[in-house]
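Student: Taking the hints into account, I'd like the entire structure generated from these sequences.
Residue numbers (my numbering), protein chains in the order written: chain A, 1 to 216; chain B, 1 to 246.
It is worth saying that the hints were derived from the structure and are not from the lab. As the structure is a prediction and not an experimental result, all values here were calculated from the model. Be a bit skeptical, because a hint or two may be false.
To be verified - Computed list of lysine-lysine pairs in DSSO-like fashion (alpha-carbon distance at most 30 Å, straight line): (1) A:Lys120 to B:Lys7; (2) B:Lys62 to A:Lys120; (3) A:Lys165 to A:Lys185; (4) A:Lys99 to B:Lys7; (5) A:Lys172 to A:Lys185; (6) A:Lys159 to A:Lys185.
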Amino acid sequence: MSFGLSGAGGGDHHVLNDLDLEIQQGERIGLVGRNGAGKSTLLRIIGGIYPPAGGTVWRDPKKTVALLSLGLGFKGDLSGRDNALLAAMLQGLTRREAKQRLDAIGEFTELGEFYEQPVKTYSSGMRSRLGFATGLLLDTDILLLDEILAVGDQGFRQKAREALKDRLSPDKTVILVHHMEQAIKETCHRAVWLEQGRVRDDGSVAEVLAAYAADA
Amino acid sequence: MARLSLKAEAQRYYLGYLWWVLEPLLWVGVFYVVFYELLGSRTPDFLMFLAVGKLMFIWFSKTVNYAGTSLVSNEGLIGRMDLPKSLFPLTVILECAYRQVVVFLLLFVLILADGAIPSGLWLWLLPLALVQLALIIFAGCVASVLVAFQRDFALLINLGMVFMMFVSGVFWDINDIVNESAAQALLTWNPIAFLLHSYRQVMLWEQAPDVAHLLVLGLLALAATAATLYLMGRYGPHLARRVVSA
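Tutor: Spelled out as structure tokens, the structure:
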């Protein structure tokens with residue numbers, strides 16, 4: 001599998017410019033870069049959420065893709081359980097399949113009684129935990145993870161990373177955006193540094209992270 | 001999604017699902033006081049006349065207003081998942097349709113309590129409601145796209161619904177227009193005025209609606225709805241970019 005992306009612009013803000021990137025099946029790539037570098041926009045374009053303003057994206061049409069990001073998309077008036085049900089059904093599960101997973105999701109989130117309360121009463125950490133647990137429902141070929149491991153406290157973050165590792169088979173392609181080096185070192189084989197919508201560096205995780213840190 | 005939203009909405013208010021009945025009744029009550037008690041409307045059986053017009057008009061205006069903001073209010077979900085964009089206005093439309101079933105029942109109760117006897121003519125209510133639903137889907141989807149492109153449209157749509165209320169014979173009778181060609185033009189070019197008039201013909205005046213007009217309107221509404229849903233599917237990713245980057 002490969003992506004070819006060139007001359008892409010991310011909407012009105014033009015966050016991506018002349019970006020060219022090829023990703024093979026089974027690669028696990030960490031995307032780094034400062035705020036506004038275009039990381040989330042790139043994930044959305046790869047995920048087919050919206051097209052590039054210019055250029056082309058090629059993705060094997062047989063491969064399924066899921067973009068997991070945190071805290072967005074919840075309906076504040078619905079409980080955590082109902083939001084999880086909705087998220088599962090929107091990801092393609094039947095109502096019955098979705099309902100079967102609700103207790104496991106609730107348990108994983110460690111929300112306790114809050115799982116039955118409206119999401120608008122949640123702290124940002126609680127929303128993140130719910131987002132992570134509902135995001136890991138689907139078994140897709142390409143996983144696009146936008147800060148999804150920056151969840152809750154230290155203990156929960158560790159649990160989240162382990163849960164993700166359990167879900168990753170060698171043929172699964174992962175692109176991870178994360179501001180913590182440790183998560184990228186643990187999960188990825190390759191890192192790409194984006195700056196002002198262009199690839200500034202692309203190579204092994206150790207090399208790219210070192211260059212990125214030196215530039216900070 | 002529609003059912004979950006309705007459940008959440010009911011939980012938000014102390015009187016819960018009771019508002020489905022209370023709100024339309026209060027609307028009719030307010031209009032009755034203003035137009036009958038204060039302004040002295042001379043339309044015969046004004047309360048029932050108003051109830052039919054207002055309750056069926058609210059279905060259209062409220063749904064289109066809500067559907068208009070359905071894409072922008074789901075920005076988070078649209079930026080996360082590649083979902084059909086028509087899903088969002090259609091969910092709102094379904095939500096309002098569930099509610100309208102209750103309003104329909106309320107209307108039947110009011111009319112029967114007023115002494116009307118249902119006849120076979122009432123079967124015309126089904127095609128009338130289906131044509132109205134097709135119009136709502138068309139207008140709701142178009143409104144959602146307009147607001148996604150420029151949020152100011154939400155205000156204009158709101159204003160447009162007030163304008164529609166004044167020109168659709170909600171609280172006045174089209175038969176009272178002295179200039180016959182003007183009345184005919186209103187019924188021809190304003191589908192909501194035609195539908196409200198037809199509902200009253202069936203429920204209050206024991207008349208069949210203008211079948212040819214209803215058929216043409218139904219076909220046009222279906223064609224416009226199908227074209228809108230197709231275009232929303234075709235340009236869904238572009239719409240998503242607009243919603244997320246706005």
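Student: Would you mind confirming whether the straight-line C-alpha gap from Lys172 of chain A to Lys185 of chain A stays at or under 30 Å?
Tutor: holds, 17 Å
Student: Is Lys120 of chain A close enough to Lys7 of chain B, meaning Cα to Cα at most 30 Å?
Tutor: Roughly 15 Å separates the two Cα atoms, so the pair holds.
Student: Below or equal to 30 Å on CA atoms is what counts here, so check Lys159 of chain A against Lys185 of chain A.
Tutor: holds, 16 Å
Student: Below or equal to 30 Å on CA atoms is what counts here, so check Lys62 of chain B against Lys120 of chain A.
Tutor: The given pair, whose Cα atoms are some 25 Å apart, holds under the 30 Å limit.
Student: Would the pair Lys165 of chain A and Lys185 of chain A pass a check requiring their Cα atoms to be no farther apart than 30 Å?
Tutor: With Cα atoms ~13 Å apart, Lys165 of chain A and Lys185 of chain A stay inside 30 Å; holds.
Student: Need the status of pair Lys99 of chain A, Lys7 of chain B: alpha-carbon distance at most 30 Å?
Tutor: The given pair, whose Cα atoms are some 17 Å apart, holds under the 30 Å limit.
The structure agrees with every numbered hint stated previously.
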